[in-house]
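Protein sequence lines correspond, in order, to chains A and B.
Sequence positions in the first sequence follow our numbering and run 1 to 325.
Sequence positions in the second sequence follow our numbering and run 1 to 263.
It should be emphasised that the hints constitute simulated quantities derived from the structure, not laboratory data.
Incorrect hints may appear among the rest.
Below, a list of computed lysine-lysine pairs in the BS3-like style, where the Cα atoms sit at most 30 angstroms apart [what the hints assert, rightly or not]:
{"hint": "1", "chain 1": "A", "residue 1": "LYS211", "chain 2": "B", "residue 2": "LYS198"}
{"hint": "2", "chain 1": "B", "residue 1": "LYS198", "chain 2": "B", "residue 2": "LYS53"}
{"hint": "3", "chain 1": "B", "residue 1": "LYS224", "chain 2": "A", "residue 2": "LYS316"}
{"hint": "4", "chain 1": "B", "residue 1": "LYS198", "chain 2": "A", "residue 2": "LYS62"}
{"hint": "5", "chain 1": "B", "residue 1": "LYS198", "chain 2": "B", "residue 2": "LYS138"}
{"hint": "6", "chain 1": "A", "residue 1": "LYS87", "chain 2": "A", "residue 2": "LYS211"}
{"hint": "7", "chain 1": "B", "residue 1": "LYS88", "chain 2": "A", "residue 2": "LYS316"}
{"hint": "8", "chain 1": "B", "residue 1": "LYS88", "chain 2": "B", "residue 2": "LYS36"}
{"hint": "9", "chain 1": "B", "residue 1": "LYS224", "chain 2": "B", "residue 2": "LYS88"}
{"hint": "10", "chain 1": "B", "residue 1": "LYS53", "chain 2": "A", "residue 2": "LYS316"}
{"hint": "11", "chain 1": "A", "residue 1": "LYS211", "chain 2": "B", "residue 2": "LYS224"}
{"hint": "12", "chain 1": "B", "residue 1": "LYS138", "chain 2": "B", "residue 2": "LYS239"}
{"hint": "13", "chain 1": "B", "residue 1": "LYS53", "chain 2": "A", "residue 2": "LYS40"}
{"hint": "14", "chain 1": "B", "residue 1": "LYS249", "chain 2": "B", "residue 2": "LYS64"}
{"hint": "15", "chain 1": "B", "residue 1": "LYS36", "chain 2": "B", "residue 2": "LYS64"}
{"hint": "16", "chain 1": "B", "residue 1": "LYS88", "chain 2": "A", "residue 2": "LYS40"}
{"hint": "17", "chain 1": "B", "residue 1": "LYS138", "chain 2": "B", "residue 2": "LYS249"}
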Amino acid sequence: MLIPTVSALLTPEGYDDAEVIVKSIQNASDRGPSMLEELKELWNYRALLMSMVRRELNIRYKNSVLGFLWSFINPLVTVVVMTFVFKTIMRNDTPNFSAYVLAGYLPFTFFQMGLMDSAQSIIGALPLIRKVYFPREILPLSLVIANFVHLLLAMGMFFLYLAFIYITNPAESPFRMTAMYLPFLLILNFCLVTGFSLLISALNVFYEDVKYLVGIITYLLFFMCPVMYFSEKIYYSLGAKGYYLYFLNPVATMVNAYRKILLAPQPQITKEGFDKLGHKIPDMVQAAVPLSMREMLLTSAISLFILWYGYRVFNKLKWRFVERV
Amino acid sequence: MAICGARLNEVEAPKIRITDLHKSFVLHDVHIGTLKSWLLRIGQKAKPKRQVKHVLRGISFDVKRRECVAIVGRNGAGKSTMLSIVAKVYRPTSGSVEINGRVAPLLELGSGFHPDLTGLENVYFNAMLLGLTEDQIKERLDEIVDFAEIREYIEEPIRTYSSGMIARLGFAVASHVDAEILIVDESLAVGDFQFVQKCYAHIRRFQMRGGTILFVSHSSSSIKDIATRCLWVEQGVVKMDGNPDEVIKEYQSNAPSPESAAN
């Protein structure tokens, strides 16, 4: 193809091969495009979405010396602190406890950061969306994808960490065959976060309380997910019914699922000690509770529903973003 | 054959067809009241009414290929709202807008730029925002950078740019996306004299090549310079439509505030 000159750039005729007649009709009387049409439009703008993701990844650590390393330093510090607290203060003797913390903390951080970031995505871009059209869902989506990229990188680091554990203790391999379910879990997790993110970013335009609520809820969720403890604790202290209720929370199920497929099941050992009356109690072993298929199916259904519902609400509200005074 | 082609052009579908366009905005949405305002209202029986502002009240016109339409009117007459509907930013309340071709709105100073990214990164981002693919941008990157006259600063972050440089870059990007319809909303006022002249020359060339331009301006000289047609919008309706010289003459004799005050 010939290199176009300035004048040719300006002409629609200058690009016979690239000529696309873009025809669009806006009509107030129709009920708006269907979800399938919205998705098609989003697909047309995939280049913009990818460039936004790249921009997001570039900006985050633009003016820092360590750059991308910060993505790993944060969870690393958390894991070191948590491991220290649990090993030395709470006397939990689970082998490779840090790996269990990491396996739960990484997906949780994805959930938390994805939602916190996207809550402000539309409001922050109001000057831009007042000027130019593009599918608005690109704004929260790009942030979710950027955070997802961080999760993937962190997962890579996680496997490096497992390899490190293996090298220091070659007698027992920490790698599990069930790790092959990881892609499936990642996709499901992505759907859940995307659904919530669409919902939150759209609602936050009209009610800015949403972002504060998200802050509080994700903070509470941290304790309602098996990150700092094992889900077995819930099973043995709340019973089967409580355990079932506990896992109605899709985030808890997902965090738990990461752990179960990535790492060996861990029977819980309560160390020998003394009860209130001063009697000595021996070691107590609580068998590991396997991941149940029913939980996973329920969580998958909830995640997909939230994705569908979030997108629906977003599409209903998106034309009103610019009209918000 | 050539004559045939020309005739076909004459009868081809208009680039923009606006039919009975209405747009109204809800001013104070009572549904999004704060807790405080809700508590204050408890004693009162009457619910506050939704205040609705009708900005456009039935606008209809067609714009053909090669036309350069200037829109004049006082502040708040609905000019920008109309352009925003054409740019698909707003949805019409009723009526329809039919557009045949790619629309490129000229982004206002910095609205699509991120201060921490370099000029180059921002060019890519903005051009993609206007619908170009990465390959298309690579092809015309040199043209854009040369047109904006900022080659030596292109690797610097945008926050180090002057407002004139940002405006030049913005125009350079928007005018190189080979759109068929260019929308300009009063943003040509920035930039020095030479650059404004360059933009006008560019717009004229764009028009000669078959492009369509819709622009809002308060400067009668620039309207007379480049417009082939002028719309006078007043209180949400088209008050006058025709030759730029006549419309401006009529507009200026009618408007109580001189155009210099508005700009």
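Okay, the hints, checked on the actual structure:
1. Straight-line distance between C-alpha atoms of A/LYS211 and B/LYS198 comes to about 46 angstroms, which puts the hinted pair past the 30 angstroms bound.
2. Between B/LYS198 and B/LYS53 the CA atoms are separated by roughly 39 angstroms; this puts the pair beyond 30 angstroms, and the hint is violated.
3. A distance of roughly 43 angstroms separates the Cα atoms of B/LYS224 and A/LYS316; the hinted pair therefore is violated under the 30 angstroms criterion.
4. Note on B/LYS198 and A/LYS62: the hinted pairing is violated, with a Cα-Cα distance of about 35 angstroms set against a maximum of 30 angstroms.
5. The straight-line distance between the Cα atoms of B/LYS198 and B/LYS138 is roughly 23 angstroms, inside the 30 angstroms bound, and the hint therefore holds.
6. Straight-line distance between C-alpha atoms of A/LYS87 and A/LYS211 comes to about 35 angstroms, which puts the hinted pair past the 30 angstroms bound.
7. Simply put, B/LYS88 and A/LYS316 have alpha-carbon atoms about 16 angstroms apart, close enough for the 30 angstroms limit, and the pair holds.
8. For the hint pairing B/LYS88 with B/LYS36, the CA-to-CA distance comes to about 35 angstroms; that exceeds 30 angstroms, so the pair is violated.
9. Using a Cα cut-off of 30 angstroms, the hinted pair B/LYS224 and B/LYS88 holds, with the two alpha carbons roughly 28 angstroms apart.
10. A threshold of 30 angstroms between alpha carbons decides the hint, and for B/LYS53 with A/LYS316 the separation of about 22 angstroms falls inside it, so the pair holds.
11. Proposed proximity of A/LYS211 and B/LYS224 is contradicted: the alpha carbons are some 50 angstroms apart, above 30 angstroms.
12. For the hint linking B/LYS138 to B/LYS239, the alpha-carbon distance of about 44 angstroms lies beyond 30 angstroms, and the restraint is violated.
13. The straight-line distance between the Cα atoms of B/LYS53 and A/LYS40 is roughly 34 angstroms, outside the 30 angstroms bound, and the hint therefore fails.
14. For the suggested pair B/LYS249 and B/LYS64, the alpha carbons sit about 24 angstroms apart, so the restraint of at most 30 angstroms is met.
15. About 52 angstroms separates the Cα atoms of B/LYS36 and B/LYS64, which puts this hinted pair outside 30 angstroms; it is violated.
16. A distance of roughly 17 angstroms separates the Cα atoms of B/LYS88 and A/LYS40; the hinted pair therefore holds under the 30 angstroms criterion.
17. For the hint linking B/LYS138 to B/LYS249, the alpha-carbon distance of about 45 angstroms lies beyond 30 angstroms, and the restraint is violated.
When the structure is compared with the earlier hints, violations turn up for hints 1, 2, 3, 4, 6, 8, 11, 12, 13, 15, 17 and for no others.
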